[in-house]
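Take a look at the letters that make up each chain.
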Amino acid sequence: MADFNLASIGLDVLFKGKNMARLIGGLGVALKISLLAVAISIPSGILLGVLMTWENKIVRFFLRVYLEFIRIMPQLVLLFIVFFGSTKIMKLHVSGEMASIIVFSLWGTAEMADLVRGALSSIPKHQYESAAALGLTKTQTFFHVILPQTIRRLLPISINLITRMIKTTSLVLMIGVIEVLKVAQQIIEANRAKSPNAAFGLYLVIFILYFLACWPISMLAKYLEKKWKV
Amino acid sequence: MAEPLLFVEHLLKQYGDKVILNDINLTVNKGEVVVILGSSGCGKSTFLRCLNALEPIQGGTVRLREESITHDSKNLTDIRQKIGMVFQSYDLFPHLTVLGNILLAPTKVQGRDKAEVTQEAMALLERVGLKDRADSYPAELSGGQKQRVAIVRALAMHPEVMLFDEVTAALDPEMVREVQDVMLDLAEQGKTMLIVTHEMQFARAVADRILLIDDGHIIEDEDPEIFFTAPKSDKAKQFLNLFEFHRPKKNK
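Chains as they are written, first to last, in the numbering used here: chain Z, 1 to 230; chain H, 1 to 252.
What the hints contain is simulated information worked out from the structure, not anything from laboratory work.
For every residue, glycine included, the Cβ atom is placed at its ideal position computed from N, Cα and C.
It is possible that part of the hints are untrue.
To be verified - Some, not all, of what chain H presents toward chain Z, calculated at C-beta under 10 Å:
| no. | residue |
| --- | --- |
| 1 | Leu76 |
| 2 | Arg80 |
| 3 | Lys82 |
| 4 | Ile83 |
| 5 | Met85 |
| 6 | Val86 |
| 7 | Leu96 |
| 8 | Arg153 |
| 9 | Ala154 |
To be verified - Ranges between beta-carbon positions, derived for each pair:
| no. | chain 1 | residue 1 | chain 2 | residue 2 | range |
| --- | --- | --- | --- | --- | --- |
| 10 | Z | Tyr66 | H | Phe243 | 54 to 60 Å |
| 11 | Z | Ser121 | H | Phe243 | 36 to 42 Å |
| 12 | H | Val19 | Z | Pro124 | 24 to 30 Å |
As the list claims (entries may be wrong) - With a straight-line cut-off of 20 Å between C-alpha atoms, the simulated PhoX-like cross-links for lysine-lysine are:
| no. | chain 1 | residue 1 | chain 2 | residue 2 |
| --- | --- | --- | --- | --- |
| 13 | H | Lys191 | H | Lys30 |
| 14 | H | Lys82 | H | Lys108 |
| 15 | H | Lys108 | Z | Lys138 |
| 16 | Z | Lys182 | Z | Lys16 |
| 17 | Z | Lys194 | Z | Lys18 |
| 18 | H | Lys82 | Z | Lys138 |
| 19 | Z | Lys18 | Z | Lys182 |
| 20 | H | Lys191 | H | Lys82 |
| 21 | Z | Lys138 | H | Lys74 |
Make the full structure from the sequences, and use the hints.
Structural data, given as structure tokens:
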């Protein structure tokens, strides 16, 4: 144990040059993609989710198809379709980052819509009836009775969706986005000769970075779930 | 003295082809307490739900004074404010406190002053023995307490008629009484009430009039003493016999 040092677990590379800053920058890219996608997914998911509870069969059918298509496809395949598909077929130049935001938004919207639909339809019928019996209009019932309960059910589970989206951004390196994993690979490659243990150290750091990004969000979800337990 | 308040004429209610209520006629006077009895599935709850248009009806009319009550009335929410209803399921809004539940409709629907309604709500809560639970959430209350709050919530709208749909049916036996006492108190105050119940002792005590519904028809419309001691129709006798079994113990 006498000759234990940072190099033996591959942490020395972190302090070379701007490596640590680069890694954090990479995490920033991952967070930026996921948070932008979340910002798009939540409102559009709420809208689609409400539409999915409508009586209209045609609307429901198309939403169902969209939802199933997005959920069945692995996210990586979606990324390839959008990234390569847009350049080859539609002759558009879409950057890897843009393609990622599009895919994550499509995916997040579908997941969110399903969560909203589930939360809305889990409100018991007698909540609507007792509101009606008190003379509330449909709009008043929705805003004062149904929506607050839906949000309470929805918030913890949609926060969990956010952490899932952050974690899944690790796929975007496959379409050339320089996020945290890609940065790590570059550092490992560059230091292969001098620091052969860099892989272990860097992936350990990435583990910690992801943990630090997702754990508080996860805790918040748990807290809200407890607080709003109805 | 009797002032007719609620009119039901030739009411017809169907689910698809199945006739639930057929040619129901009833006039309820102001201050009258009408208890509706009948075996399960006879349509008594459905009848109550037709009275504030929670169920669309297929024929006949329901009126509160001159205003007709139908599922597609433009002023349906106005009429529903005049007809309070309490359900079997604990139907409080779980995200609001007891006080929040009571205040919601008077402030949002009737646009009344919050301070004024709060004062009234507290007085009503005191009356049902729940003043100290005003800031509790429904999840913290027992079933009997929830039903008492539900009654107060309906009363805060100043309804002219109160409908009670088996409000004690889902309660533990020891909580039935506290809810029934509130209803007896309302009857004493001269509230116009229509009550669907399976509790015969309570029906006899609270009612001015007993209706027996069987197979979608009103087959008895009687004074409670006569109904319980000397029922006229065979159906009524049969129905009361169902409860005979329990009576020796209950009457002590």
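Okay, the hints, checked on the actual structure:
1. With a least beta-carbon distance of about 9 Å to chain Z, the hint placing leucine 76 of chain H at the interface is held under the 10 Å criterion.
2. For arginine 80 of chain H, the shortest C-beta to C-beta distance to chain Z is roughly 4 Å, which falls under 10 Å, so the interface hint holds.
3. Here the hint on lysine 82 of chain H is kept, as its CB sits about 8 Å from the closest CB of chain Z, short of 10 Å.
4. Checking isoleucine 83 of chain H against chain Z: minimum C-beta separation of about 8 Å stays under 10 Å; hint holds.
5. Given hint, methionine 85 of chain H at the interface with chain Z, holds; its Cβ is 4 Å from that chain's nearest Cβ, closer than 10 Å.
6. Against a cut-off of 10 Å between C-beta atoms, the interface hint on valine 86 of chain H holds, since the closest Cβ of chain Z lies about 9 Å away.
7. The closest approach between the C-beta of leucine 96 of chain H and any C-beta of chain Z is roughly 8 Å, which is under the 10 Å cut-off, so the hint is satisfied.
8. Nearest Cβ of chain Z to the Cβ of arginine 153 of chain H: about 7 Å, under the 10 Å cut. The hint holds.
9. Interface restraint check for alanine 154 of chain H: the shortest CB-CB distance to chain Z comes to about 7 Å, inside 10 Å, so the restraint holds.
10. Distance hint for tyrosine 66 of chain Z and phenylalanine 243 of chain H: a CB-CB separation of about 57 Å, consistent with the stated range 54 to 60 Å.
11. Restraint check, serine 121 of chain Z to phenylalanine 243 of chain H: a C-beta distance of roughly 40 Å satisfies the suggested window 36 to 42 Å.
12. For valine 19 of chain H and proline 124 of chain Z, the Cβ-Cβ distance of about 28 Å falls inside the hinted range of 24 to 30 Å, so the restraint holds.
13. For the hint linking lysine 191 of chain H to lysine 30 of chain H, the alpha-carbon distance of about 8 Å falls within 20 Å, and the restraint holds.
14. Simply put, lysine 82 of chain H and lysine 108 of chain H have alpha-carbon atoms about 15 Å apart, close enough for the 20 Å limit, and the pair holds.
15. About 13 Å separates the Cα atoms of lysine 108 of chain H and lysine 138 of chain Z, which keeps this hinted pair within 20 Å; it holds.
16. For a cut-off of 20 Å, the pair hint linking lysine 182 of chain Z to lysine 16 of chain Z stands: about 17 Å separates their Cα positions.
17. As the CA atoms of lysine 194 of chain Z and lysine 18 of chain Z are separated by approximately 17 Å, the hinted pair is consistent with the 20 Å bound.
18. Taking the CA atoms of lysine 82 of chain H and lysine 138 of chain Z, the gap is near 18 Å; set against the 20 Å cutoff, the hint holds.
19. A threshold of 20 Å between alpha carbons decides the hint, and for lysine 18 of chain Z with lysine 182 of chain Z the separation of about 15 Å falls inside it, so the pair holds.
20. Taking the CA atoms of lysine 191 of chain H and lysine 82 of chain H, the gap is about 12 Å. The hint holds against a cut of 20 Å.
21. At most 20 Å may separate the alpha-carbon atoms for a hinted pair to count; lysine 138 of chain Z and lysine 74 of chain H meet this at roughly 13 Å.
Of the numbered hints stated above, none is contradicted by the structure.
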